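S.K.: Chain residues, written in single-letter form:
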Amino acid sequence: MTMQYSRPLTLDEATTLAARPDTVIMAGGTSVNAGGGSSGVTAVDLQALNLAGIESLGAFIRIGAMTRLQALVESDLVPFTLRDLARREAPSTIRNAATVGGTVGAADPESELLAGLLAFGAVVTLARVGSTTDHALDDILHDPGLISQAIMTSVTIPTTGVAAAERTGRTPMDRPIVMVVAHRGAAEAVRMAVTGVAHVPVVVDPERIKDLDPPSDFRGSPDYRRHLATVLADRVLTAVTESDPE
Amino acid sequence: MTITLTINGVEQILSCEPHESLRSVLRRAGYFSVRYGSSTGETGAAAVLVDGSLISADVMLGAQADGHDVETIEGLSTLGQLHPIQKAFIDSGAIQSGYSTPATILAAKALIDRNPRPTEDDVRDALSGILDRETGYLRPVHAVLRAAAVMRGEEPDDIAITHLDPLLDGGSDAASADRARVSEIAPRVVPCSDVPRTRVVGHAEPKVDAIKLVKGNPAFTDDVDLTGTLIAKVLYSPHAHARITSIDDSAARSLPGVHAVLHHGNVTQVRYASGGQSYPNPLPYDQVSFGDKVRYVGDRVAAVAADTEEIALSALDLIDVTYEVLPAVFDENEAILEGAPVIHDEPGMEGAHDPSRNIVHHLKADTGDIEEGFAAADRIFEQTYRVHQVQPAPIEPHVAIAAWDSDERLVITSSTQVPFHIRRMVAPLLGLPVKRIRIIKPRIGGGFGVKQELLIEDIVGHLTMATGRPVRLELTRAEEFVSSRTRHPQTITFKTGVDADGRLTAQEMRIIANTGAYGTHGLTVQLVSGLRGLSSYNSPVKRFDCKVAYTNIPVPGAYRGYGAPQALFALESHMEDIADALEMDPIEFRRLNWTKVGDPLDIAQQLSEGNQDASVMPIVTSSGLEEAVLQGQRAIGWERRNDPDWRQPEDRPNIRRGLGFAMAMHGTAIPGLDMGGASLKINDDGSFNLLVGATDLGTGSDTVLAQIAAEVVGATTSDVLVYASDTDMTPFDTGAYASSTTYISGMAVKRAAEQVRTQIIARAAEILKVDAASIDLYDRAAWVPDGRSVSLETIALSTLHQAGQHQIMATASHVSPESPPPYAAQFAEIEVDVETGQVTVIQLVMAVDCGVPINPITSAGQVEGGMVQALGYGHCEELAYDRDGRVVNPRFGPYKIYRADEMPRLEAILVQTMEPSGPFGAKAIAEIPKDGVAPAMRNAIANATGVRIANIPFTPERVWRALQEA
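If you're matching them up, the sequences are chains A and B in order. Here the first sequence is numbered in my numbering, starting from 1 and rising by one per residue. Here the second sequence is numbered in my numbering, starting from 1 and rising by one per residue.
Any given hint might turn out to be false.
[To be verified] So the derived list for chain A, only partly shown, Cβ under 10 Å to chain B, looks like this:
| hint | residue |
| --- | --- |
| 1 | Q47 |
| 2 | S75 |
| 3 | A97 |
[Unchecked claim] Ranges of calculated distance between the beta carbons of each label pair, as one might list FRET restraints:
| hint | chain 1 | residue 1 | chain 2 | residue 2 | range |
| --- | --- | --- | --- | --- | --- |
| 4 | B | E408 | A | H199 | 57 to 63 Å |
| 5 | B | T322 | A | D143 | 39 to 45 Å |
| 6 | B | P116 | A | G145 | 18 to 24 Å |
Don't read these hints as lab results, they were simulated from the structure. All of these numbers come straight from a predicted model, not from anything done at the bench. C-beta atoms are modelled at their ideal positions from N, C-alpha and C, and glycine is treated no differently.
For reference, chain A alone in the conformation it holds in the complex (with noise of 0.2 Å):
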């Protein structure tokens, strides 16, 4: 194996490197690093960039791409729901190093945190060479290669709003089979995102739960998703329509 690695000092310099078509961008490396690397490639570690912190917005918060997912299971500026989904994400020895823009990055089929930022309808910003751009994290979903080649600095999230999720697993900590959650923002317009029905997390309008196609595993059968969909909607929808905002 040839990997070489860097620690790039300025933003940059990282979007220099990551304009590279060898780089592999390395956030806490929890993902990358459980891969077992590829020859030929430089990791571009963005440790010393100055990326982590979460900064208060008024009704916005922005979450620097390289804060750790314990960071944000620890901030009072983050939202409740958020704050448990980060931390139901991964266990205490990978919360520690992953990252909520490796989180992004990663773009797990079934990372909770991911739908519940999908569902506060974050948005991603990043720097290349010149430039710098938002996205809705929806899109980026979608069309991964809206960040290739692009150092990922923050993701920015509604503060305000109520919030809910749901989950069935094997067991309470389990990565879910299915996973929903809703958020009902200050324009009273409610947002889904469901995790276990797509190849992404993905936004679902709730009255075309029925229109999902999920893949099926070992853990549940594509009707079993479809149901599960269904029902756990169902208690979020509730729980998002009578609670208060946070």
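We have chain A; now place chain B onto it with these hints.
M.R.: Structure of chain B alone, referenced to chain A:
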């Protein structure tokens, strides 16, 4: 590249490869406490503190840690002083094998450093990343809470043994303990008046190996670091069933750094059975080290030894294998049908019942005319169950190192439960006489049966013989899941006749068992299924019929419980349903029929593998089951099961609650077969060396054996230095399996110690000038009734140096003609979400009669940890396959084992009985906790919902579908 790490406060400049994990860097630098459990972060065995935060060092690059502070357990205790967390772990009985203990203690330290007053939930969350297959998490969690209290300067909760009043015969219904703040981990013991008073036995002594484990000292096979060691890697079959038509290894051999490439073309084919069992190993001998046919995805094809792991892996890629792919069969019922692919068609197959039909064994037993028994029944019930395939998954995988010693003998250091069997079994495969082989078993990081197997020792042996170099092979987590051993799946049918009073008139058990690609434990596991399935209840006539089938799934073998968890799931589901159909109370129906003291264990005469005297009918010699049931009922709140308001909570319309029961009965060692040896000698200071062949997997057996020796010779447990096991140094022992160590090896220790005691007393009598008969040994001295004494040290110095010099020592061994059954009452409380099928386990209680627990704290730990493994079996663990027979979930997570932050409440109650054939009254405890959880859960689901499920595990979709069909 070079990196700078501040490790335990000392700045170090280290070289590392850019892709190298921090775990690898730290181990290379001598920090052996950072252990391998996986390379994907999932076990947490490699967790360290980086800048004070707990991080899995297997998913962090050494390069990422450059410039940071790293803390390992080696930095925690200085100058021999234990950190309060380390001390709390020892006091709480929180250590079993200790493999992941360093990581767990670091997790605790990081938590307490930030939050001196953690709640139990905080602790469970902090430990969530460190998987523990051994303790059930209860003791580690409470050890952390205890340490935090001590570090705050507070008095921790009381963890002394709690004696519960017996409830049988109208005993008081309240715990006798009148103490403030008794900890949840205080061992609960129901005493028995027949048990004599002892000074060391029966006490919650700290483990004899606790210090090295709590400090993370190098103690495990992986910590053996020999200069010039080559790394071995194995090429596995990508096909479920195929013939190897050619292998071209030339490119692999010419790769620089490759020292050997072995396969069927260059290794002599010697047939063997891989199960680590007594001589002669049961037939058939259906394996060779490397064959020309592969029989499951993950079967061995070739092995490589190279300078580095990367070169070895590259070499595997360069081995060009041509396969003729054959049709495969995975289901045991399909495998024995006419026309199924024949899995073992090799010439010279010996000892298989009918290999042309894939039937390895056809086992039959009966105790009379079964049809007469059914004819005498008022009602007959017949039900079929299916149990699935799970993997033992010790956090330390299989690992072995072979090397030539200076006498040109082959020394294999291996994480094995059966070092003596390995020596005997590997010799013919390597073409060496037994005397040229030495097997050393260091500390083991969990085994649970999967290391009762000749699994990799032949590979490292062959490679060392081919290269002349030390060779090390450690399975990866995925290899451990697929290519080691698993639990046998079975299709089980029970047919039972019952008379008008609810008594059994006949009971028949039929099994189609799946032994996968090879026979290994296929005979004996299924014998145990029959033994357990047909010994728990009295029936005038019984019949057992079992076909064991070859299939193309990864190989089942020994797994804690052996064939009992399968049998007891079916039996205890069946008995529950019969009681329901008869409208009898499920416990009363069982009580009418379960075996009691004096009852015959008639089927054992035909199904035991040992050399029993066929003219002697084995009988039950002790049973605490009645007491165990009462204790368990009280602990779980059994009366709630008939309360409709509790079962259907008003405020949670989708939830139904239920309570379930299962009785369990196990064996204690294989009668007439299992043998243990022990050797005890005194040292100058009155301490003793105890050499045993027994293998402590983390269970605490070394401690129990030390306690037995100490009790007899009047020493303290810490005066007994246990060495185990090494085929050159220690007496023979069959090894750690069949719940035998305390009962068999313990009796060997007791006998050796009794001889030593006699020798000590003889010298004491000379010194004190009294009659030997008046002397007693305790408190490290020999005492006479007038109060005079002479210390063991004085006696040792006298005999070694001063007069009539001789070594006080003795060796003894033991084999038992009996296998006294431990009994247990298992209770489960669950909730079912009837809309989704999700089952949540709220509480598990097991009250178990293990005779006299030699060490109540390690005994309770066995029950707690065993229940959690059993919970995985019933609830969430399963090996899943694609249609080609490839395991799709060979890693933790997708293969789901419980973690610290999602556990049900656990309670273990030890009900004492005095077993006459055991050392100080002991019976077994290691395996029985595996037997009752799945059926108790199943019966609880039935109590909650009315749905009776015939298959495990109780995953959400299975339960939901059952609810839909109801």
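S.K.: Each hint needs a verdict: does it hold in this structure or not?
M.R.: Going through the hints against the structure:
1. Q47: Status holds, d = 7 Å.
2. S75: Cβ of S75 of chain A sits 15 Å from chain B, so the hint is violated.
3. A97: Result: holds, 5 Å to nearest chain B Cβ.
4. B:E408 to A:H199: 57 to 63 Å: Roughly 58 Å apart at Cβ, these two residues keep to the hinted range, so it holds.
5. B:T322 to A:D143: 39 to 45 Å: Taking Cβ atoms as reference, T322 of chain B and D143 of chain A lie about 42 Å apart, which means the hint holds.
6. B:P116 to A:G145: 18 to 24 Å: For G145 of chain A against P116 of chain B, whose Cβ atoms are near 49 Å apart, the range 18 to 24 Å is violated.
Violated hints for the displayed structure, listed by number in ascending order: 2, 6.
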